[in-house]
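Heads up: the sequence lines are chains U and B, in that order. Position 22, counted from 1, in the first sequence is what the working numbering calls 22; the numbers after and before it change by one each time, with no gaps. Position 27, counted from 1, in the second sequence is what the working numbering calls 27; the numbers after and before it change by one each time, with no gaps.
Some clues are possibly wrong.
With beta-carbon atoms standing in for the labels, derived distance ranges [claimed, not checked]: (1) A144(U) - V48(B): 17 to 27 Å; (2) D67(U) - R37(B): 28 to 38 Å; (3) A169(U) - R37(B): 54 to 64 Å.
Which residues of chain B face chain U? A few of them, derived with a C-beta cut under 7 Å, are [as the list claims (entries may be wrong)]: (4) V26; (5) Q27; (6) H29; (7) V38; (8) L40; (9) Q44; (10) V48; (11) L70; (12) A73.
Here are some chain U residues the structure puts well away from chain B; computed CB gaps all over 10 Å [unchecked claim]: (13) L58; (14) I85; (15) M92; (16) L94; (17) D113; (18) T120; (19) G161; (20) L173.
For the record, the hints were derived by calculation from the structure and aren't laboratory data. On a predicted model such as this, the values are computed, not experimentally measured, just so you know. All C-beta atoms, glycine included, are put in the ideal place defined by N, C-alpha and C.
The residues making up each chain are set out below.
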Amino acid sequence: MPGPTIDLTIYDDEAALLAGLRRREPDACTCLIKRFAPLVYAQAIRLLGDADEAEGALQQTFIKACDKLDTYEGRSGLGSWLYRIATNEALMLLRQRLPRTTIDDVADAIQADEIPQHLTPWTLDPATAALNSELRANLEQALATLPETLRIVFVLRDIQGLSTEETAAALGLGESAVKVRLHRARLRLRELLSAYMREH
Amino acid sequence: MTCEELIAHLSSYIDHEMDADLVAEVQEHIAHCRNCRVVLDTTQRLIVLVHDEGRRIIPAGQRDALFDRLQQAFLSRPPASEADTTV
Numbered sequence: 001m002p003g004p005t006i007d008l009t010i011y012d013d014e015a016a017l018l019a020g021l022r023r024r025e026p027d028a029c030t031c032l033i034k035r036f037a038p039l040v041y042a043q044a045i046r047l048l049g050d051a052d053e054a055e056g057a058l059q060q061t062f063i064k065a066c067d068k069l070d071t072y073e074g075r076s077g078l079g080s081w082l083y084r085i086a087t088n089e090a091l092m093l094l095r096q097r098l099p100r101t102t103i104d105d106v107a108d109a110i111q112a113d114e115i116p117q118h119l120t121p122w123t124l125d126p127a128t129a130a131l132n133s134e135l136r137a138n139l140e141q142a143l144a145t146l147p148e149t150l151r152i153v154f155v156l157r158d159i160q161g162l163s164t165e166e167t168a169a170a171l172g173l174g175e176s177a178v179k180v181r182l183h184r185a186r187l188r189l190r191e192l193l194s195a196y197m198r199e200h
Numbered sequence: 001m002t003c004e005e006l007i008a009h010l011s012s013y014i015d016h017e018m019d020a021d022l023v024a025e026v027q028e029h030i031a032h033c034r035n036c037r038v039v040l041d042t043t044q045r046l047i048v049l050v051h052d053e054g055r056r057i058i059p060a061g062q063r064d065a066l067f068d069r070l071q072q073a074f075l076s077r078p079p080a081s082e083a084d085t086t087v
């Protein structure tokens, strides 16, 4: 069934959208979803690594957001607010999953297979080059191959931009564990992507 | 500083979490070691690359079906309490 078609320009700024949401206008909810679901879903799937769980987190994020609208003070943008709710939802799911992941390869020291092997410079300048779909797919695939405990730290620190302290608090880890896991994740990803970069 | 030591400290250097004397040692090492220079440069490029990836959106093919399911879940959620419905 096709989704409802609405004119997104009805709510052309966040204040108008927020007012519509507070009046519980159905179009406002649709507009909120269409505008922010891609951002929220991308964050959820990066943290959870599973499309079904990410979709569950996405749904919960929007349902909780609309139920908490009265407490939203508008200090951060709606996108940042939703992003935070989504991160908390995903982290909650990850904590529920912990029994599955307590035994993994998270020795908090660099592993032998993380010692750099690819020593060819990358020609791509990420500051100016637009990400093409092939590179993006490679990046997502590389990210998905990281052990969960490394991936989560990497996503929160290097993609979401949380500080070491914030990441440690969110995950209930010590700051030194966050630093070592981030470092290991970077080394692994660099290695994985270097194989692709060498050919492009 | 050896190559192994540099690799162990690489993220601390990138994240500016290193003492000044160690920073000097890293800089002296990479000035002379081509391999470590490559590892440092490519790791920094990776970080910039993934930071931009944070603004990625869902491919169009997946988006519509996902929105439909989200919309359905949203519309079929339990009704809000009286307190929530006041304007």
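Results of checking the hints against the structure:
A hinted range of 17 to 27 Å holds for the C-beta pair A144(U) and V48(B), which are about 20 Å apart. Take D67(U) and R37(B): their Cβ atoms lie about 52 Å apart, and the range 28 to 38 Å is violated. In this structure the hint that A169(U) and R37(B) lie 54 to 64 Å apart at CB is violated, the actual value being about 35 Å. For V26(B), the interface hint is violated, since its Cβ never comes within 7 Å of a Cβ in chain U; the closest pair sits about 14 Å apart.
Contact between Q27(B) and chain U, as hinted, is not supported at the beta carbon level, the nearest pair being about 19 Å apart and thus beyond 7 Å. Taking 7 Å as the C-beta cut-off, the interface hint given for H29(B) is violated, the closest approach to chain U being about 14 Å. A hinted interface residue such as V38(B) counts as satisfied when its beta carbon comes closer than 7 Å to some beta carbon of chain U; here the least separation is about 5 Å, so the hint holds. Taking 7 Å as the C-beta contact cut-off toward chain U, the hint placing L40(B) at the interface is violated, the least distance being around 10 Å.
Evaluation of the Q44(B) hint against chain U yields a violated restraint, the C-beta minimum of about 9 Å exceeding 7 Å. Satisfaction of the interface hint for V48(B) is found here, the shortest Cβ-Cβ separation to chain U being roughly 4 Å, below the 7 Å cut-off. Because the beta carbon of L70(B) sits about 6 Å from the nearest beta carbon in chain U, less than 7 Å, this interface hint is met. Checking A73(B) against chain U: minimum C-beta separation of about 4 Å stays under 7 Å; hint holds.
Distance to chain B contradicts L58(U) as a non-interface residue, since its nearest Cβ pair spans about 6 Å, not more than 10 Å. Every CB of chain B lies more than 10 Å from the CB of I85(U), the least distance being 14 Å, so the non-interface label holds. Here M92(U) stays apart from chain B, with its beta-carbon at least about 18 Å from theirs, past the 10 Å limit. With a closest Cβ-Cβ approach of about 18 Å to chain B, L94(U) is found to remain outside the 10 Å limit, as its non-interface label requires.
No beta-carbon of chain B is positioned within 10 Å of the beta-carbon of D113(U); the least distance is around 13 Å. Its closest Cβ contact with chain B, about 7 Å, brings T120(U) to no more than 10 Å, contrary to its assignment away from the interface. Distance check for G161(U) against chain B: the nearest CB is about 7 Å away, which does not clear 10 Å, and the non-interface claim fails. Every C-beta of chain B lies more than 10 Å from that of L173(U), the closest at about 16 Å, which supports listing it as non-interface.
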